[in-house]
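So you can see what is in the structure, the chains are spelled out below.
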Amino acid sequence: MRNFEFHRPQSVADAVTLLKGNDAAKLLAGGQSLLPILKLDLAQPSDLVSLAKIPGLKEIRSEGGDRGDLVIGALVTHDEVASSPEVRQRIPGLAALAGGIGDAQIRNRGTIGGSLAHADPAADYPAAVLALGATIVTDRRSIAADDYFTGLFQTALGADEIITAVRFPVPERSAYAKFPHPASKYAVVGVMVAKTAGGVRVAVTGAGSKVFRLTALEQALTENFAWRAASAVEVPPGDLRTGGESSPEYLAHLVQVMAKRAIQACQ
Amino acid sequence: MATISLKVNEKSHVVDVEARTLLVELLREHLRLTGTHVGCDTSQCGACTVWVDGKSVKSCAMLAVEADGAAVTTIEGLSGNGKLHPMQTAFHTCHGLQCGFCTPGMVMRATELIQRNPNPTEDEVRHGLEGNLCRCTGYHNIVKAVLTAAETVRGGAQ
Ligand SMILES: Cc1cc2nc3c(=O)[nH]c(=O)nc-3n(C[C@H](O)[C@H](O)[C@H](O)COP(=O)(O)OP(=O)(O)OC[C@H]3O[C@@H](n4cnc5c(N)ncnc54)[C@H](O)[C@@H]3O)c2cc1C
Ligand code: FES
Ligand code: FES
Numbered sequence: 001m002r003n004f005e006f007h008r009p010q011s012v013a014d015a016v017t018l019l020k021g022n023d024a025a026k027l028l029a030g031g032q033s034l035l036p037i038l039k040l041d042l043a044q045p046s047d048l049v050s051l052a053k054i055p056g057l058k059e060i061r062s063e064g065g066d067r068g069d070l071v072i073g074a075l076v077t078h079d080e081v082a083s084s085p086e087v088r089q090r091i092p093g094l095a096a097l098a099g100g101i102g103d104a105q106i107r108n109r110g111t112i113g114g115s116l117a118h119a120d121p122a123a124d125y126p127a128a129v130l131a132l133g134a135t136i137v138t139d140r141r142s143i144a145a146d147d148y149f150t151g152l153f154q155t156a157l158g159a160d161e162i163i164t165a166v167r168f169p170v171p172e173r174s175a176y177a178k179f180p181h182p183a184s185k186y187a188v189v190g191v192m193v194a195k196t197a198g199g200v201r202v203a204v205t206g207a208g209s210k211v212f213r214l215t216a217l218e219q220a221l222t223e224n225f226a227w228r229a230a231s232a233v234e235v236p237p238g239d240l241r242t243g244g245e246s247s248p249e250y251l252a253h254l255v256q257v258m259a260k261r262a263i264q265a266c267q
Numbered sequence: 001m002a003t004i005s006l007k008v009n010e011k012s013h014v015v016d017v018e019a020r021t022l023l024v025e026l027l028r029e030h031l032r033l034t035g036t037h038v039g040c041d042t043s044q045c046g047a048c049t050v051w052v053d054g055k056s057v058k059s060c061a062m063l064a065v066e067a068d069g070a071a072v073t074t075i076e077g078l079s080g081n082g083k084l085h086p087m088q089t090a091f092h093t094c095h096g097l098q099c100g101f102c103t104p105g106m107v108m109r110a111t112e113l114i115q116r117n118p119n120p121t122e123d124e125v126r127h128g129l130e131g132n133l134c135r136c137t138g139y140h141n142i143v144k145a146v147l148t149a150a151e152t153v154r155g156g157a158q
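Those sequence lines, one after another, are chains A and B. Per my numbering, the first sequence starts with residue 1, numbered consecutively. Per my numbering, the second sequence starts with residue 1, numbered consecutively.
Simulated from the structure, these hints should not be mistaken for lab results. Note that CB positions come from ideal geometry on N, CA and C, so glycine has one too. Some hints here could point you the wrong way.
[Unchecked claim] To spell it out: a stretch of chain A is covered by chain B in this simulated footprint if at least three of its residues, at any positions, have a beta carbon under 8 Å from a beta carbon of chain B; those stretches are:
hint : segment
1    : 105–117
2    : 179–185
[To be verified] Just so you have them, the derived chain B footprint on chain A, three or more residues with Cβ under 8 Å:
hint : segment
3    : 3–17
4    : 32–39
5    : 45–53
Use the sequences and the hints to build the structure in full.
In structure tokens:
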């Protein structure tokens, strides 16, 4: 690993200043994606800007009372989401998803902001933010989940933009089902289903180069919320990744199976 | 170079490290605490598991500078007054190790697990140890050791 300057700014504004105009600077949150990358010399930043000392990024709170959004700070760890009484009570599907990320040690360090910034095509949180219709809040704007994921490891974030929180509308019900890779626990396929007052949303992670919605299944479920609906669903072949360990046919089948499990878990 | 101060196994240290120094390198190479092992390059095996402020983390996936101000516990700090921790005793009596390479990380994670969940099911133990790989035992005796240690600790608390 190449050496770098290490910074621990005390405010988001100071962190942005350290990133501005320096393409070789990188943010560090839990380090559970970034440090493995640095150890393999796949990236060689000149500066690492740690978010750890910035106050206010570790909160979980409900805004606007019982029906208001659940807001989770960017530095909240996977374990904190999984064990938060507030998340477990208001969006149990999200708490369960966080409790299935990686392993206990990864969950003790990895953060929701880091996971969303990294945008691994097999990560779990992208399915949650897309199915729940969440909003990514940054130092300068709010980005709807539908506009956030732009490609393989690509997001709408600017080079010096910092995620500060994620805002989740609370669904009537939601559940996530994943078929984990046995070695890493990343999703071979993961499906999140959310039933909201405005209809049903379904997001798939793992199967494609980025997380995507299954609009045909959403429509079927909005009319009749029954797991059998998933049998008829065809995944657009263009959405599926090719050339990996799994064939597109296998991935498409897994999407159906995981969708059925998630729908059943919602009922 | 950065100067950091931290506690390791209750003892205070002030050390100069390069920013790129991993916590596990600080422990093994600077402080000579070689009980913490390195088993992989990919942050998957868990042999390097230590506690930082009471939480188990992979010390190969954390920078030493990130531990500035923290309290770190390694396998050397688990036993007290020359007495093994009940988890260590249970690994011994249940034959929870063969070559022993994974054991320090296993014991640290397993001990955190029973602190957070004093009466775990077998399933919870297996799920809770997913970040620790063992190439020898096939895990059965490790799981047995963790359940036994949990029982011992519960008995002791009554
Ligand atoms: C063995 C192993 C197994 C894993 N299994 C899973 C799994 O099953 N499912 C899963 O989803 N993930 C898994 N992960 C990844 C893990 O969830 C990471 O924690 C997560 O992807 C990154 O979060 P972090 O806080 O560690 O970010 P870091 O590693 O610190 O940063 C990741 C990237 O995000 C950027 N960044 C960090 N925070 C912000 C921010 N607030 N604003 C803007 N940019 C930011 C960084 O610059 C960096 O580019 C696994 C990781 C390992 C090592
Ligand atoms: S050495 Fe393998 S996880 Fe740290
Ligand atoms: S006892 Fe040999 S690796 Fe676990």
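Hints broken by the structure, by number, lowest first? none
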